[in-house]
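J.: Listed below, chain by chain, are the residues.
Number of protein chains: 2
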Amino acid sequence: MDLIVDPAVSRTTSCCEGAIETDAVIIGAGPVGLFQVFELGLLEIKAHVIDSLPAAGGQCIELYPDKPIYDIPALPLCTGQELTERLLQQIAPFAPAFHFNQEVTLLRREPDGRFFLETAQGTRFLSKTVFIAGGVGAFRPRMLKVDGLERFNDTQLFYRVRDPARFVGKQLVIVGGGDSALDWALHFAQPGPHQAASVILLHRRDVFRAAPANVAKMKALCEAEQMQFVTGQITGFEQRDGRLIELKLMGNDGVTRRLPLDMLLVFFGLSPRLGPIADWGLGIDRKQLLVDTEKFQTTEPGIFAVGDINTYPGKKKLILSGFHEAALAAFGAAPIVYPDRPVQLQYTTTSTKLHQVLGVESPVFD
Amino acid sequence: MDLIVDPAVSRTTSCCEGAIETDAVIIGAGPVGLFQVFELGLLEIKAHVIDSLPAAGGQCIELYPDKPIYDIPALPLCTGQELTERLLQQIAPFAPAFHFNQEVTLLRREPDGRFFLETAQGTRFLSKTVFIAGGVGAFRPRMLKVDGLERFNDTQLFYRVRDPARFVGKQLVIVGGGDSALDWALHFAQPGPHQAASVILLHRRDVFRAAPANVAKMKALCEAEQMQFVTGQITGFEQRDGRLIELKLMGNDGVTRRLPLDMLLVFFGLSPRLGPIADWGLGIDRKQLLVDTEKFQTTEPGIFAVGDINTYPGKKKLILSGFHEAALAAFGAAPIVYPDRPVQLQYTTTSTKLHQVLGVESPVFD
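In the order they appear, the protein sequences are chains A and B. Offset between the first sequence (1-based) and the working numbering: plus 7. Offset between the second sequence (1-based) and the working numbering: plus 7.
Next comes chain A alone, as it looks inside the complex (with noise of 0.2 Å):
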């Protein structure tokens, strides 16, 4: 097999220069990568995780941080907020190194047996092993569908806000009726040093799916004139000298209005993509990576896969399931880190070694 994916990035990467080397790779960092973290950790495994979200949680946090999972063992009730929070204090012993924000886009073997990754940010690994946590695949901020538009990405019009000093000063107009838009909204329009030159707020209807708190507020600084809501969508725009100048907007009311701006900013939320993982050479039935049941090995040795992107018979998309399925690909990867040494499952509340390795101490018995 061949699992070059981009042969133009291939070509130009002298290979491997600079790259970090390490036991494993994990691409993912929702639940079941983070568990991937702790079991590889308890068998001496280093790892380095990779997610293209701005920080830990994956599906959980970005699909719904406060809501209520009652399926968790043990857990009776916990927000995907507080099971990350969890896990992260679980894997805190092994410090895993976070990669946040990056995409994996080059997978593939080197010579000596070992993987090449490189994320489309540039950073670069030479690891034993890969753990492909994915979930439902990297997730990209949904698109404003106005034809022409996306000539102004990144320059005028933002899906997130990385620098937000860029629109201090400025005219924005804000899209969306979720809490990103809210927050942002808020942040730009209060008096102080962040503050827009003008904001408006800009949503289909009048109905928010936001923190009520946040719509409040929001409604208060629109009553004190420090801000602006309207309801439509947008239809088109103007530009001047390849400078977006100009909105046009159907309101709900069926009337086209005009708003001048600076800076375009769209938070339509996140949908998940399986991108470039489609084309690493791995086994895949129906966009789910193929993998045995004794390691959660793909197709590719080496290459393992737990959670909601792998598939097998009786595969339930289960967080639960992905804990498992992490515990037994760490046994898989075992003989490969460490090929001269046999793995043996020892039991966290009764081995002396693994209290070394979660750094707690040994209770003394008789």
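Among these hints, one or two may not hold up.
No distinction is drawn between identical chains; accordingly, a pair holds when it is met within one copy or between any pair of copies.
Straight line, CA to CA, 20 Å or less: simulated SDA-like cross-link-like pairs of lysine to any residue [what the hints assert, rightly or not]:
{"hint": "1", "residue 1": "K324", "residue 2": "H106"}
{"hint": "2", "residue 1": "K322", "residue 2": "I343"}
{"hint": "3", "residue 1": "K302", "residue 2": "E51"}
{"hint": "4", "residue 1": "K323", "residue 2": "Q353"}
{"hint": "5", "residue 1": "K324", "residue 2": "T357"}
{"hint": "6", "residue 1": "K324", "residue 2": "T300"}
{"hint": "7", "residue 1": "K177", "residue 2": "P200"}
{"hint": "8", "residue 1": "K324", "residue 2": "L361"}
{"hint": "9", "residue 1": "K360", "residue 2": "T86"}
{"hint": "10", "residue 1": "K323", "residue 2": "I343"}
The set of hints was computed from the structure by calculation and includes no laboratory data.
Since the structure of chain A is already known, use the hints to place chain B on it.
T.: Chain B in isolation, oriented as in the chain A frame:
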């Protein structure tokens, strides 16, 4: 195959009379058996749970109730006691019926396809499915090995205290160095309505595997001459008219002593025994039940095995693996319990149906 265990029992059993009819019987109330209740409950499958122990928790409670476990996902540290309590809380919405202090001795398929089960204590079940979550087997007390002493079992020699009233006002010898021995010695030695005529605690040495507070209390009672502590081992006994009247004891000082007594209580801990399960005609490999990894079904359709008692390629005896197995086994059982209803995976976070089943309120979204 023939699932009849004990022909003597089955011949004298008039079939299924007075049996409890149910969807599922779970054998074993350890963490995996408890979580099996939860996964079945989400699919609206009602379960009865049988355990040879007097309470839920299995090995976790019998072997290490107070020792920390570090590898339950999202629970960085918990004791066996806490894990059990959390699982009991999680399954409370499904109100399972527990049958403690009972051991299943008979398991056989009826002509209508259901399973007939009977415990040594005479409880009978007719169930559509069976889940063996038996861990390392049924826990039995470790026996005192002194030739001939077994004839006093349950009359003057006891391994469990089922009815404390029976020992009040008697001359007791209590053997063991763990918490059970200490707890009962304190119970019967302390002044009050429970008090025995005399209490001698016998242990092979002056070091205890017990809570330090209990050891301190015991020593204080000895100083107050309300009980006695003796080190040594039982080497023989005297009887008169079929009654045990005296123990012979070899002290650590090499001197033989005689201890007159009415009752002997022995607490040497519990040891597991696969027991009748080995005789049910199920596929077995080195004392483990063979299962597939799609449904965790044994070689007999409708009988599932989850947790430490099963085996398959890659199997690790981890509690978290048992949780995954319980989830997939529940999905495997659903078409047997509800042959006319398609089984769909729903999420506890978003499914209104599952919120109903769990008895929680569904959030309202935009």
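J.: All the hints need checking, so say for each whether the structure fits it.
T.: Going through the hints against the structure:
no.	hint	result
1	K324 x H106	neither (25 Å within a copy, 33 Å between copies)
2	K322 x I343	between (26 Å within a copy, 19 Å between copies)
3	K302 x E51	within (17 Å within a copy, 32 Å between copies)
4	K323 x Q353	between (28 Å within a copy, 10 Å between copies)
5	K324 x T357	between (32 Å within a copy, 14 Å between copies)
6	K324 x T300	both (14 Å within a copy, 15 Å between copies)
7	K177 x P200	within (12 Å within a copy, 84 Å between copies)
8	K324 x L361	between (30 Å within a copy, 16 Å between copies)
9	K360 x T86	between (33 Å within a copy, 19 Å between copies)
10	K323 x I343	between (28 Å within a copy, 18 Å between copies)
The structure is inconsistent with hint 1 alone, although it conforms to all the rest.
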